[in-house]
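Novice: If you want the building blocks of each chain, they are given just below.
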Amino acid sequence: GAVVSQHPSWVICKSGTSVKIECRSLDFQATTMFWYRQFPKQSLMLMATSNEGSKATYEQGVEKDKFLINHASLTLSTLTVTSAHPEDSSFYICSAAPGGRVDIQYFGAGTRLSVL
Amino acid sequence: GNSVTQMEGPVTLSEEAFLTINCTYTATGYPSLFWYVQYPGEGLQLLLKATKADDKGSNKGFEATYRKETTSFHLEKGSVQVSDSAVYFCALSPPTSGTYKYIFGTGTRLKVLA
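Chains A and B are the protein sequences, given in the same order. Residue 94 in the working numbering sits at position 94 of the first sequence; the count goes up by one each step and never skips. Residue 103 in the working numbering sits at position 103 of the second sequence; the count goes up by one each step and never skips.
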């Protein structure tokens, strides 16, 4: 089946630094990728939708300057958490929709971010 | 607004026991409904889906029926195995044009004991 690779799987950083998370579709082209955030014992919350070659669409309440999303190619999207603070500590998950498909998403394994 | 509520876990069962994980939803219109499974260290995988009322999704022995009247999409399996131990997420996608945007439940952890 289709594979989405997310890297790193776990990152610890100091408060005030920026962290980049990569999401790659390994065996298909993804025109659309999604970024989710999950707090402990809570639902996955959609943060933003990114389309290759265009600006990401952020969900209400998500700071676009805080969470920078770049979807520069059909196989790679990145999420950069800028000037991270402890409240940004969470589990971030990406997913990718194959080109031309609107009915399915393939998910990465997630990245656990801990900000000290 | 749209929301998904699923039973809290963890659910612990013996091998070959019957499994039910409850999921109810709130949505306008007719959403599509999904069950995803996440094995340790892996991404979410689509387990089954249903796109209209009374549809039954099934896969790997798991089943769920889209019940409009009770706004439910309960997951069932007649005989669970140790390999079914995972976290199960119920999700809906509102009936909008374009790419699906999922709304997930909180997930239910299932542990099956040998």
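Treat the hints with care, as some may be off.
Below, a list of computed lysine-lysine pairs in the DSS-like style, where the Cα atoms sit at most 25 Å apart [stated by the list, open to error]: (1) Lys68/B to Lys49/B; (2) Lys111/B to Lys66/A; (3) Lys101/B to Lys20/A; (4) Lys52/B to Lys41/A; (5) Lys68/B to Lys52/B; (6) Lys55/A to Lys20/A; (7) Lys14/A to Lys64/A; (8) Lys60/B to Lys77/B; (9) Lys41/A to Lys49/B; (10) Lys64/A to Lys77/B; (11) Lys101/B to Lys55/A; (12) Lys77/B to Lys52/B; (13) Lys41/A to Lys101/B; (14) Lys111/B to Lys77/B; (15) Lys111/B to Lys41/A; (16) Lys68/B to Lys111/B; (17) Lys77/B to Lys56/B; (18) Lys55/A to Lys14/A.
Computed spacing ranges between beta-carbons, pair by pair [claimed, not checked]: (19) Gln45/B to Gly99/A: 15 to 23 Å; (20) His85/A to Gly41/B: 25 to 33 Å; (21) Lys55/A to Ala17/B: 31 to 39 Å; (22) Val3/A to Ser58/B: 21 to 29 Å; (23) Lys111/B to Gln60/A: 33 to 41 Å.
For the record, the hints were derived by calculation from the structure and aren't laboratory data. For clarity, every value in this text was computed on a predicted model and none was experimentally measured. We put the CB at the ideal spot given by N, CA and C, even for glycine.
Novice: Take the C-alpha atoms of Lys55/A and Lys14/A, compute the straight-line distance between them, and say whether it is at most 25 Å.
Specialist: violated (28 Å)
Novice: Checking one constraint from the list: CA of Lys111/B to CA of Lys41/A, max 25 Å. Satisfied?
Specialist: holds (16 Å)
Novice: Between the alpha carbons of Lys64/A and Lys77/B, is the straight-line distance 25 Å or under?
Specialist: Violated, at roughly 42 Å.
Novice: Between the beta carbons of Val3/A and Ser58/B, is the distance compatible with 21 to 29 Å?
Specialist: With a Cβ separation near 24 Å, Val3/A and Ser58/B satisfy 21 to 29 Å, so the hint holds.
Novice: Run the distance test for Lys52/B versus Lys41/A: straight-line Cα separation, threshold 25 Å.
Specialist: Not satisfied, since the Cα-Cα distance of roughly 29 Å exceeds 25 Å.
Novice: Can the restraint linking Lys111/B and Lys77/B be considered satisfied, given a maximum Cα separation of 25 Å?
Specialist: holds (14 Å)
Novice: Compare the distance between the alpha carbons of Lys68/B and Lys49/B with 25 Å, and conclude whether the hinted pair is satisfied.
Specialist: holds (14 Å)
Novice: Taking only the CA atoms, is the gap from Lys77/B to Lys56/B under or equal to 25 Å?
Specialist: Since the Cα atoms of Lys77/B and Lys56/B sit roughly 13 Å apart, the hinted pair holds (cutoff 25 Å).
Novice: Take the C-alpha atoms of Lys68/B and Lys52/B, compute the straight-line distance between them, and say whether it is at most 25 Å.
Specialist: At roughly 9 Å apart (the allowed maximum being 25 Å), Lys52/B and Lys68/B satisfy the hint.
Novice: Is 25 to 33 Å a correct range for the gap between the Cβ atoms of His85/A and Gly41/B?
Specialist: For Gly41/B against His85/A, whose Cβ atoms are near 27 Å apart, the range 25 to 33 Å holds.
Novice: Starting from Lys60/B, check that the Cα of Lys77/B is at most 25 Å away, please.
Specialist: holds (9 Å)
Novice: Does the Cβ distance between Lys111/B and Gln60/A fall inside 33 to 41 Å?
Specialist: With Cβ atoms ~36 Å apart, the hint holds.
Hints 2, 4, 10, 16, 18, 21 from the earlier list are contradicted by this structure; the remaining hints agree with it.
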